[in-house]
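K.L.:
Each chain, letter by letter, is given below.
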Amino acid sequence: MSRDPQSHLSPDELAGLAEETEPAASAASADFDRAQAKAHADGCSVCGPRLRDHRSVQASLRSMASPVASERTSECPPDEEWMEIAAGVYSTGQSAPLLEHASHCDHCGHLLRAATEDLSPEISTEEQEFIRRLPSAGAGWQRALARKMAHAAAEGETNSPRVSESETKESAARETRSSVWWSRVGWPFASWTRWAAPLALAAAVGVLAAVWIEVSSPSLSSTNRLIAQAYTAQRPIELRFPGAGYGPVRQQRGAQSSRMDEPPELLEAESEIARGLARHPQDAGWLQAEARTDLLEGNYQAAIDGLHRGEALRPEDDSLKIDLATAYFERAGTKRDPAEQTADYDLALHALNEALSENPKDLVALFNRAIVYERRQKYSEAIADWQRYLQLDPSGDWTGEAERHLEALRLRPVGRADIGIRRKAVNKAPALSKGL
Amino acid sequence: MSLEELIQACAQNGDAASWEEFVRRFHDLIAAVVLRTAQRWGNASPELVDDLIQETYLKICDDRKRLLANFSPQHPESFYGFLKVITANVVHDHFRAQRSHKRGQGRPETPIDESVGGSPPATTAGVNDIHRGILLKEVDKALCSVLSGSDQERDRKIFWFYYRYGLTAQAIARLPSVSLTVKGVESVIHRLTRMVRERLARGGGLN
Numbered sequence: 001m002s003r004d005p006q007s008h009l010s011p012d013e014l015a016g017l018a019e020e021t022e023p024a025a026s027a028a029s030a031d032f033d034r035a036q037a038k039a040h041a042d043g044c045s046v047c048g049p050r051l052r053d054h055r056s057v058q059a060s061l062r063s064m065a066s067p068v069a070s071e072r073t074s075e076c077p078p079d080e081e082w083m084e085i086a087a088g089v090y091s092t093g094q095s096a097p098l099l100e101h102a103s104h105c106d107h108c109g110h111l112l113r114a115a116t117e118d119l120s121p122e123i124s125t126e127e128q129e130f131i132r133r134l135p136s137a138g139a140g141w142q143r144a145l146a147r148k149m150a151h152a153a154a155e156g157e158t159n160s161p162r163v164s165e166s167e168t169k170e171s172a173a174r175e176t177r178s179s180v181w182w183s184r185v186g187w188p189f190a191s192w193t194r195w196a197a198p199l200a201l202a203a204a205v206g207v208l209a210a211v212w213i214e215v216s217s218p219s220l221s222s223t224n225r226l227i228a229q230a231y232t233a234q235r236p237i238e239l240r241f242p243g244a245g246y247g248p249v250r251q252q253r254g255a256q257s258s259r260m261d262e263p264p265e266l267l268e269a270e271s272e273i274a275r276g277l278a279r280h281p282q283d284a285g286w287l288q289a290e291a292r293t294d295l296l297e298g299n300y301q302a303a304i305d306g307l308h309r310g311e312a313l314r315p316e317d318d319s320l321k322i323d324l325a326t327a328y329f330e331r332a333g334t335k336r337d338p339a340e341q342t343a344d345y346d347l348a349l350h351a352l353n354e355a356l357s358e359n360p361k362d363l364v365a366l367f368n369r370a371i372v373y374e375r376r377q378k379y380s381e382a383i384a385d386w387q388r389y390l391q392l393d394p395s396g397d398w399t400g401e402a403e404r405h406l407e408a409l410r411l412r413p414v415g416r417a418d419i420g421i422r423r424k425a426v427n428k429a430p431a432l433s434k435g436l
Numbered sequence: 437m438s439l440e441e442l443i444q445a446c447a448q449n450g451d452a453a454s455w456e457e458f459v460r461r462f463h464d465l466i467a468a469v470v471l472r473t474a475q476r477w478g479n480a481s482p483e484l485v486d487d488l489i490q491e492t493y494l495k496i497c498d499d500r501k502r503l504l505a506n507f508s509p510q511h512p513e514s515f516y517g518f519l520k521v522i523t524a525n526v527v528h529d530h531f532r533a534q535r536s537h538k539r540g541q542g543r544p545e546t547p548i549d550e551s552v553g554g555s556p557p558a559t560t561a562g563v564n565d566i567h568r569g570i571l572l573k574e575v576d577k578a579l580c581s582v583l584s585g586s587d588q589e590r591d592r593k594i595f596w597f598y599y600r601y602g603l604t605a606q607a608i609a610r611l612p613s614v615s616l617t618v619k620g621v622e623s624v625i626h627r628l629t630r631m632v633r634e635r636l637a638r639g640g641g642l643n
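Those sequence lines, one after another, are chains A and B.
Residue numbers for the first sequence follow our numbering, so the first one is 1 and each next one is one higher.
Residue numbers for the second sequence follow our numbering, so the first one is 437 and each next one is one higher.
Chain A extracted, bound-state conformation (with noise of 0.2 Å):
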């Protein structure tokens, strides 16, 4: 409804065009006919003014903020409290006096805001970004970070030395589990060097039970590796796996396998797993263990309820999605409705493009999408992931069989739609079939 060019500017209206600039003014002045209520006050002798006098209190009201920080006074707290008070670790009780004295200094309330930007739980996608291209957002760092954390707890060392790029690198690849061993149980040799004789028999007894410990309780990373061996011993299926090397497509693993043709890495790893998930029941790391080596042995319904407990425990990890995806993709392979088969893979593309949109350049992710998109006969789609695939990993172990999918789609008949057919072409390894 327009309102009466004659009637002279409401309260509302007057706090509307007064705050157009302020940031906080939106909700008080949504309800009026701007444009109208502005050109009443340009032609109206009683609103003009009254409108000008409001404007320049508005800014006056922002001329107060304080450009620079002030020197500190006598009264002032330490500069270090602003930082708790704006972490919360101060209660109600000890920050009030303290708010009230930075409400009026010059020199605190600067601190003060300073602290809430800087300790703001709000992370900016700006941020994210920056922090996810940080090394030490990798795995490999962050375990051999760990290690030495853990080193330095054991030997009460307080100067630890930093993680290096070749450590990194070193965690990031595959680790040898002796190695791991070795060091975790040389620490205790190394202490009881310096132990007097009267407790040579307790520190023996100590390193025998750091030993029982140590080759009791499983390593999820060293899980993780025996599952990725089983993977490219045998690959039994198409798309990769997070962490695992390349391997050829061998066999399709069916219901009607038998463990005894199981690689002995997965039977391994399964006893591992379930000493792990004994003790760790509702770790997302065990239950992702579990589902990857309920896919490779072709139990994806299972693998997908796991994967999905996994994802409650932990969003934001983007190699359970992977998995994920490739769990509907496995469940696809065995539907004959068409219709169900077509909505298992567009679950798959749909995880991985949760994947990608969080890091685009993630190769396995992109590998398994431009696979999931030929099946889903996506062609140009799959061809532009290969592509991009390609240019982001040149001389990998899997730029051979990126390539093959890449020229069968490119040589693909126009109107043909089964892509699987010339899965022969893309997979020139000879299929080793072991009878499963």
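Some clues are possibly wrong.
[Said to hold, decoys possible] These stretches of chain B come out as covered by chain A in the derived footprint (C-beta under 8 Å, 3 or more residues): (1) 496 to 505; (2) 583 to 595; (3) 605 to 613.
Hints in this document: simulated from the structure, not taken from any laboratory.
Cβ coordinates follow ideal geometry from the N, Cα and C atoms, glycine included.
We have chain A already, so just place chain B on it with the hints.
P.N.:
Positioned in the frame of chain A, the structure of chain B alone reads:
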């Protein structure tokens, strides 16, 4: 693993798996605080940020007994605050140490906030300070005349934090003793602004 179990595992056993989970779980929080605090000092290169992140974890490891002391199952959020304070202190200590070293070489370094604009000429600064002092008194007088109710002390602080120091409504809502949502803080700011402005405009504006 719950947060409490994780903290206990790190503080008591401190095995690599527990620390790895700890690093994974708190990495974004610690990295964000390092990044912002380093930006305030004017140097947030990825290499330095990574170094300071690592420094923070090692300090946490050294002080691991304090982890448990600072965790309360009833108030788990206070543990996040504790980590933030440790992290910010590590960054400030780094730059302060660097500054004192450079001062020895005649090159002082200060946080960007402390050096913005440099120092204006003494006479101009003096006049500006006097004008600002008068303005603050006039506005405070108008503010006090419109405040009422049991929350007037809180509302007065909100007004000044917003206009005098530029805290956002989100930051004010998070302060202890404010006990308002962001919307609640915005509402207080809007209501007081309007009343103060009307009071001052009715008197012919500010000098």
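K.L.:
Output the numbers, in ascending order, of every earlier hint that fails for this structure.
P.N.:
Going through the list in order, the structure violates no hint and respects every one.
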